[in-house]
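Based on the hints, put chain B in the right spot on chain A.
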Amino acid sequence: MEGNLTESAKSGFESRALWIRVRHWLRLSPEPFSLREENLFLLLAVIIGLFSGLLVVCFRIAIDWTRIRLLGSALIPTPARVLTMPVLGGLVVAVLVMRFFPRVRGSGVNQTKAAVYIYDGVIPFSTVVGKFITCALAIGSGHSLGPEDPSLQIGAGVASALGRRLRLSRDKLRLIAPVGAAAGLAAAFNAPISAVLFVIEEVIGRWSAGVLGAIVLSAISSVVVVRGFLGGELLFRIPVFRLVHAWELIAYAVLGIVGAIGSLAFIKIIDRVRPRLQEMPRWTFYVQPAAAGLLIGVIGLRLPQVMGAGYEVIDQAMHDRYVWQMLAVLAAFKIVATSLSFASGTPGGMFAPTLFIGAMVGGAVGGVEHHFLPGLTGSVGAYALVGMGTLFAGFLRVPMTSVFMVLEVSGNYSIIVPVMVSNTIAYLISLRFQPTSLFDLLSRQDGTDLPSMEEQREESLLRVEDAMHEPTEPLLHSEETVADALSRVQSSAPDAIFLVSFRDGEWSAITKAELERQASYDKGDAFLRDIVNGRLPRLHPDQPLYVALRKMGEYPLLPVVHRANFQRLEGVLSLQDILGAYRAAFKASGRDSDAVLLPAELSPKSDEIGGEAPRGL
Amino acid sequence: MLVASFALLGVLFAFTGFVTQRYHATQRALAQRWYIRGEADLQSGQPEKAIEDLETALVYVPGNNVYRLRLAEALEAAQRLDEAQAYLLSLWSDEPSNGEVNLDLGRLAARAGSIPEALRYYHNAIYGIWSDNPEQASRNARLELCQALFARKDTRDAEAELIALAGDLPEDADLHVRVGNMFLAASDFDRALRQFQRALALSPRLEAALFGAGQACFELARYEAARPYLERALRWNRGNTQAARLLETTSLILEIDPFSGRLSAEERSSRVVRAYEQAMDRLESCAQSRGDQLETTSPQTPLEKAYAQALELRPKMRESILRRDPDLTTAALDAVVEAEKVSAVACGAPTGLDHAILLAAQRHGGGEPD
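Chains A and B supply the protein sequences, listed in that same order. Here my numbering is used: the first residue of the first sequence is 1, the next is one more, and so on. Here my numbering is used: the first residue of the second sequence is 1, the next is one more, and so on.
Only chain A is shown next, with the shape it has when bound in the complex (with noise of 0.2 Å):
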């Protein structure tokens, strides 16, 4: 019995002896579980992706499910519905936003960038809420719109809220917003990579290691997700292409030119009657997505594909449903229909719409090039997803994403000449007779400055050699005496400066007091080398005029060396140089003086992902 109690003693006692040793681990530090900031924000990019996922999946179902129980189940509505559905639905849409979800209005780009660059990385959640709700309403009623962009900013909203939740410091609380972006956006279109380059490309404006492997985990994760849960099915069942003759991408160049100006009246329509509608009372606003939708409902009577994302009617143009008449009749009415839905104030995207004009433009181009060119190998189906890409540059302007979300929507690499062959001509062109792009467009006429990507992109960039000037006085070198040196300098001034060059292709400097000083010391014989203390930063040629200001410190002047042999000195860079330059580049250019004088970097408010200083509201 006794030994039986010893027993169960022993191994009561010893079951607790593991807990307390588990607590004991458990309670190591005072927050077990605490992670410095930098890997708190790689975890947390995951779990953004995750959440964003989710929430873009159920964003897709309710959007799926508003058409089928508004639109009716055929993929014709029947006329009834097709009147009056955007009608109702455009009525509810704006009572919610102008009653509840104020700021669902507008595009989910330019939201996320104002949370990035004006409210320190915040976006309300009631946001979130909103645009899951009326885009839904909208897109499954029939407006022309698209739920990318409200994916985008609904993944930017949920990073906001967690990274509210967790108190990240406000640096850390500004790029979170981005990486939720790129995850909304990544399970919006199952693509991965065309997401973390159009955050790159249009919220962020740079490649930056910071938030780099952030964006990219999220964006990944979120795609784990929904094809988890929606399957892994590219977006488009993609025509077999095969690039056979050369020749042929001239037929893809005039694609690239018929892109463009579809591009160029598609903006410039967005450009003319949005400001017009937000001119007009305030009462209007309730009835305008309403009028909207009237107006898409009459074009849907004739060509119900307009309406709505229309993703399936993408699917048909690519497989020759359609000629080309009414390819070019679909993309001009989406244009439009387009237009009135995005002015009118109804929450939504422009991503599908746009990649479904390119896809019609693509089509109705390959269409008649082939009546008069049947050689031609490519079908009408390549032709309208290289037409996708070409509108994604020329009007959304984001050139790098444009190629790769073709390569990532079709899985075909084959296709990436063509495709680059257009786009390339598009965006040109575009840049050409459109100066200002649709985001910068977009937040210009919603009073705010937000930074222009493309402006940064396209900024000439003041480096090195346009500032630096020819030594003027005599170069030294270490291993000349103090003496040696004193008599080769006599006819310089008493303030002048002397670079000084080692073997090792070290620079240092000296003055000519302190050359004579040394030498009223009787320290004649000594070599520079042990007089002079200390060694300049080198610059290059090549380098931006901005890191040389950061380098030059409380230097007088700084040496610009060959990069390939750094004791041969190709100039020397001085304050005044430096400023000179922007002065005289900014006489040359006429423009704002911020973007010249003072790169992203420099400006004030610095941060990791080179944004300008919050201002304004």
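Bear in mind the hints are in silico, worked out from the structure with no lab data behind them. One should not assume that every hint holds.
[Unchecked claim] To spell it out: a stretch of chain A is covered by chain B in this simulated footprint if at least three of its residues, at any positions, have a beta carbon under 8 Å from a beta carbon of chain B; those stretches are: (1) 41 to 52; (2) 61 to 74; (3) 221 to 231; (4) 310 to 318.
Yeah, the Cβ is synthetic: ideal placement off N, Cα and C, and Gly gets one too.
This is chain B only, laid out in the frame that chain A set:
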């Protein structure tokens, strides 16, 4: 807070899982409903409506290859061949060895007259993967390829396919008859006869096989064998006018052929004289119909020359003389064949006994077309 986030994530996962499950079930049900409607429209010969229905079905289950294939077939039925081809090519890129997809692509290529492409797709179909009854599907694909080749008058390729097909046919009399008829169309009468005989071994009273065998024997100039087949075919189907005509010609050949086995000298001479008289009548009626004069001192036209040649033999065209001089029989038959051939050129294809005379001559190496 992190723990709370994970908990919320778990809840959201569960909720999304539930919603997605319901969503997929609804999508599948809607897709199935529209697919059934599309099938019905397709069956009732309304391909345009079927296309709309099937496209709707595909909105709900975009990756369903069965729906996509049926849509392609509906497009094909509606003569929207480019669209059908685009869909099929996209399906083909997913499943390059799918027999059904390759067969449809082969059909389209054949319709477009692109024979090398059609051959490629048909062969892919023949050796491809079929979900149901692969042997039969593969055989049907080859039969269809043969038909497509015949339609393009490419009998050489068709015959090659038929030979491959014939080597692996199941015991099915109708199928043997079908293949036999194709061999007939390819002028491969030996193989055709073998197929009909295999069919008759399985179903001795099959009229199509009897008629086919009769035709094959006739084409092989085996008139003695052809007659019983044709007679039996007519016995089962008296309305077969083709068989009746063939039997009539066969009987005439067997009645007029002077070189048939086991003929007495009297009978042979009698047949030569009869053939000679028939040929002279044919020459004269032909000349009369053309308004030509055959009796001339210097024959110029082929008709006149043939008539002059035959006329020289007239005094010797008696059975008693022919019996004594076998060389005269040969010379007489040469003149007969020449007269029939010339008449055929001048006045059109021979009929009845004239046709029988030519066929009998061809059987023994004479009267071959020049």
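Comparing the hints with the structure gives:
no. : hint       : result
1   : 41 to 52   : holds (count 4)
2   : 61 to 74   : holds (count 6)
3   : 221 to 231 : holds (count 3)
4   : 310 to 318 : holds (count 4)
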